[in-house]
Amino acid sequence: MRVILSARPRKNPFIPVEAEGIVPARFLQPAEGITVAVGNRDRPLTDVFEVAIEGTATDAAGVEVVLRGDTSRVKRVGEYMEAGKIRVERDIGMHCGNFMSGGEIEILGNADGWLGREMRGGRILCHGNASHYCGSGYRGEKHGMRGGYLEVKGDAGDFTAEYLAGGEVIIHGNCGDMPGVEMKAGTLTIMGSCSRPCGNMTGGTCTILGTVAGMLPTFRRAGTAMRESGGISLTRFEGDVANRGKGTIFIRDWQYTL
Amino acid sequence: MIIRDVICPFCACLCDDLDVHVEEGKVTAVDNACDLGSHKFLTDHRMKGPVRRTASGWQEITLEEAIAETVELLSNAERPLLYGWSSTCGEAQSAGVHLAERVGGVIDATTSVCHGPSILAIQEVGHPGCTLGQVKNRANVVVYWGCNPMHAHPRHLSRYTTYADGFFVRNAFKERKVIVADVRGTDSTNVADEFIRLQPGGDYAVLGALRAIVRGKGDVVPEEVAGVSREQLFRIADLCKSARYGAFFFGMGLTQTAGKYKNVRNAIELVDELSRHTKWTLTPMRGHFNVYGFNEVCTWMTGYPFAVDFARGMAFYNPGETTAVDILARKECDMCLVVASDPAAHFPAEAVEHLGSIPVVQLDPFPNLTTAFSRIQIPVAVSGIDAEGTAYRMDGVPLRLRKVLDRGYPEDAMILKEITRRIADGGGP
Amino acid sequence: MTRLLIKNAYVIDPLNGIRGEVMDIAVKDGWIVESVHDGAEVIDARGCLTLPGGIDSHTHICGTKVNFGRYMMPEDMRAGRTQRRGVMHSTSGYSVPTTYGNSYRYSTMGYTSVLEGAMAPLEARHTHEEFAATPLQDTMANTLFDGNWPVMEAVRDRDVKRAAAIVAWTLAAVKGFAIKLTNPGGSECWGWGKNVKCIHETVPYFEVSPAEIIETLIRANEMLRLPHSVHLHCNNLGVPGNYQCTIGSMDLAPDLNPDRQSLYLTHVQFHAYGGTSWKDICSRAEPVAHAVNRKPQVTIDMGQMMFGKTTTMTADGPMEFNLYRLHHNKWSNHDVELETTSGIIPVYYSKTSVVNCVMWAIGLELALLVASPWQCLLATDNPNGGPFIKYPEIIALLMSRRYREEELRTLAPEALSRITLPSLDRELDWHDIAVMTRAGQARALGIQSIGKGHLAPGAEADIAIYPIRVDETDPSRQFRDVIRAFQKTSWTIKRGRPVARDGEILVEGTNKTVWVKPKVPDQYDMGKDPEFARNFDRYYTVRMSNYPVQELYLQRSLCMESEAQL
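Protein chains in written order, with my numbering: chain A, 1 to 258; chain B, 259 to 687; chain C, 688 to 1253.
So here's chain A without its partners, still in its complex pose (with noise of 0.2 Å):
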């Protein structure tokens, strides 16, 4: 089954929706009773969207959700998602693929902040750039990411990955500010650049390609490592000493400075 929901033009396209209904799974059932919220007020999925339904599916694993038009303050796509596959062909509002555990999700455009919030698995690749916390947890929680693939074409924003504790993030482009931060578990990659990378980090591993700038001072070092694609040498890292840390990172180039 292909779902095909077709933004309409909006007086003021900068109210954001909440469409935390629109997953691959709530379109088994008749797309009617949809609702979104357009700031503080309920509208039915139609009002919002074009709705275009072609064949049909057994399960949400049958199901693909496509999204056309200004969708980039469209946020909580594929909340709970579980199964099937929604692709965005332009950019994406926040909160995309949160609690995520299935499915894929692929965004053309861009993702705003938060894209992939508490995955426990699934797929998500976004070939422009993510905006902040991509692939992280929520305020408070000791967990942020706990499993599934998470990829970045672009560059990706500050904190990246914050609170990682499973799963895995790839970043072909650079990150900001602090990606990996208080990181617990899990693989984070970045190919690019980023700085301060990896504070308070308690465990898992870290491979950064790029140069960091503002390297913390509580990594120790240890010894080098050579990257198989690409023959790259990396210099090994273990910490953050100022935690008991014992994560790894490895990193091609680095500078204390900021």
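If you're looking for bench data, these hints aren't it; they were derived computationally from the structure.
Don't take every hint at face value.
Stated by the list, open to error - Pair ranges (Cβ atoms, derived):
(1) B/E433 - C/E973: 34 to 44 Å
(2) C/E721 - B/D683: 54 to 64 Å
(3) A/A185 - B/R570: 28 to 38 Å
(4) A/R43 - B/D683: 21 to 31 Å
Stated by the list, open to error - Some chain B residues close to chain C (C-beta under 8 Å, calculated; not the full set):
(5) E382
(6) V383
(7) V427
(8) N429
(9) F431
(10) K537
(11) N553
(12) T560
(13) Y575
(14) V655
(15) P656
Cβ atoms here follow ideal geometry from the backbone N, Cα and C, with glycine treated the same way.
Model the placement of chains B and C on the given structure of chain A, informed by the hints.
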């Protein structure tokens, strides 16, 4: 007439020993206050009455008209923002939260551009704190990190720290050691026994290094961290570990530099680490006199201390998304109610720009930059001068502000309750 | 005003000796009366269990440290959110709900009065502000004196009357209800990062011991003729082997009051541990219960621990720091100058932890081994042992051996040899439960005289109708029905007005706060004592004139006055 033990409604020191002289309905003198506090009592630059902006200029309107129009604006809004709150009393703050809940809007306070990061850090690692009298009576080491109390909290040192004699510290000036950390020399660093001068942005690294040293893992620390020598780092760590009681105060130097809440978190974790050796506490130097009060009120009512979004009928909290600056900068809100603050003066340009394109209603005793952006301004009584109310000091101690004179202005709490009542009766959104 | 007639109520009213009788209850203007004329609203209780409104004698729901617990736990907040609906405000929170959350949930369970477990006098205003936002329960505040400097000086000088005078002034000034001692002596030590290990160790500088503080204040309490007794959170909470300290504390209590206990020990489960370390910790509920059985002057509450996530928050600062060192969770601390301290840390009680399993068993053992339900009240030290929404499960565990056995089978096997619970057959009955959840509290707190905790004419019309037929239910087998029934009343009536119906809240509510004002002779009035005032202004950081809490903070105020015998 002299009214004694008046509580100063300026900064979060909430000094409660002011003597205010009142003659013929005006404040003529203030004893014991610092310049900032005195100035608030002595200036009288108030709006006369409610006004509405029209194409041809400001028009005087009645309170009833102002309330009626505000009710309509809030009822029609799809994403109203209710912002400010720090310079009014808890009774108004509580009314504001009820109103935000009723209209399905976002309520946020000046915390989000000030000590919001401190709260975020506390939400990660907790707050090892105390009331200020513990510091006054016991502390023999005081740290001021990234703040300039001589300017922003002028009586802090004489009431609570450097110069404040206490039960166990009979000669504070001699017995207390003061450490000040900043990126440049200030009047506060001038009175320090130890000045830690660090490079901008280096707080996180320096605090991390101190943690490692206190843990006994100082060998990992390089020769210099953000401009601070290894030797000074070890000396500071030693001074802190051997304190009988240490008190750590901090300000915008930590909360508003890169990393923000992570800087504060590192400071808290340093204090936690020191607490394994001796007694240490930590206190954020809150700015406005009742900003902490808003956090308290908002928390017991909604569960969250600021940046609460009621669009879905229940409280949602996510700083970075539900904070006022972000909502304005992203042009998300279609109406704004500003109470007891001046966002136009403090917010980044793109946020202020959006403020100029939506209807703004302001409740404030004094005209300020935000007034220029408002469609309606309703002058209200000043909490602590012509209105009573509850305020919370930077350490959480709640006091009741006094009313020293009457100016005939309505109280913001009353107006907010009336607005809420009318919206509830009228059905609301 | 209102007239209400509840028909066909199956009433258990222990304070009036009613053990299960079907009767009508007439209500007029918020009070229970002999009868009402026509025109009264009628509620048909359909023969269901009808009890006086529930009273929680020890719960942490309002005040500085509770609010600390809230804002440091946004993840707890999002775990229990409800929308605004009708008169109900939106709520948030699981183990530390917002004030409306607490009030609605308690009301849904039929609770109409609560005693806030700990209030620091300096911050009392905050507690009262939160009381006003907990509108469906009448409130009282335990007022902390465990680290109070002027009191400790009076204790050191063996001046009971001065200690009593300070307490009298303070309680009236801050609208407190009772004397609370949490880790007495230890609070002051914690001001330096230290603690006391036993009740005879002395506090640095002040040179008084916890035992002296407790003894002096018990006598002061009775001199002041306060409705409640001293309310004690013993030293050494949570320490393996601490049961000796607990029994030692009980031994300090003389029998000074014919109407109620002279010493109330709270959350005793946390204080009934044997062993020497976490490795060999075991239950000592038996000797503790036997001590209670021998001492009519002592009443305890269980402090039952229930498995799952919760937040600990107490005025026991050093204990909370030790939990931080053990679990490395986020930890908050708040020392209050000249008065007391507090600490907050989230915990998770797990069935795979032998220690936690022992703790769970101890609370139940206490309730089953203490002979009289009047002496062992039901509580979890909310939220320390678990959120109060778990009370119905505790009731079921006490009434059903079968339920206990079912639960015992899911525990860490190693725990079984450390506890007595498997061998305890006793099943409490409906009357016992009514005592342990309301009548006993009313007596222990001394509030029957103001109409709480019973249903005879003259009582305040706080009534809870639970959807269960006692004559059709065998609680021993049908424990799930028991749980369900106590989770949600058919009707909760407060001051003669229905406030909750099947979980739906019907009114905004304005509660009453009960406080005490013992009247002392002039020479004992601290408000006129120059030495007291001088030290106050010198060492506190607030002026004495700004310290008292104005009565306007109380939605409705009920002051229980007494003539102090000084």
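Going through the hints against the structure:
1. B/E433 - C/E973: 34 to 44 Å: violated (52 Å)
2. C/E721 - B/D683: 54 to 64 Å: Once the Cβ atoms are compared, 40 Å apart, the range 54 to 64 Å for B/D683 and C/E721 is violated.
3. A/A185 - B/R570: 28 to 38 Å: At 33 Å between Cβs, range holds.
4. A/R43 - B/D683: 21 to 31 Å: holds (25 Å)
5. E382: Cβ of B/E382 sits 6 Å from chain C, so the hint holds.
6. V383: It holds, given that the least Cβ distance between B/V383 and chain C is near 5 Å, below 8 Å.
7. V427: With a closest approach of 11 Å, the B/V427 hint is violated.
8. N429: Since the shortest Cβ distance to chain C is 15 Å, the answer is violated.
9. F431: violated (17 Å)
10. K537: Holds: closest Cβ of chain C sits about 3 Å from B/K537, inside 8 Å.
11. N553: This interface hint holds because 7 Å falls under the 8 Å limit.
12. T560: Given a least distance of 6 Å, the restraint on B/T560 holds.
13. Y575: holds (6 Å)
14. V655: It holds, given that the least Cβ distance between B/V655 and chain C is near 6 Å, below 8 Å.
15. P656: holds (4 Å)
Checked against the numbered hints above, the structure breaks hints 1, 2, 7, 8 and 9 and satisfies the rest.
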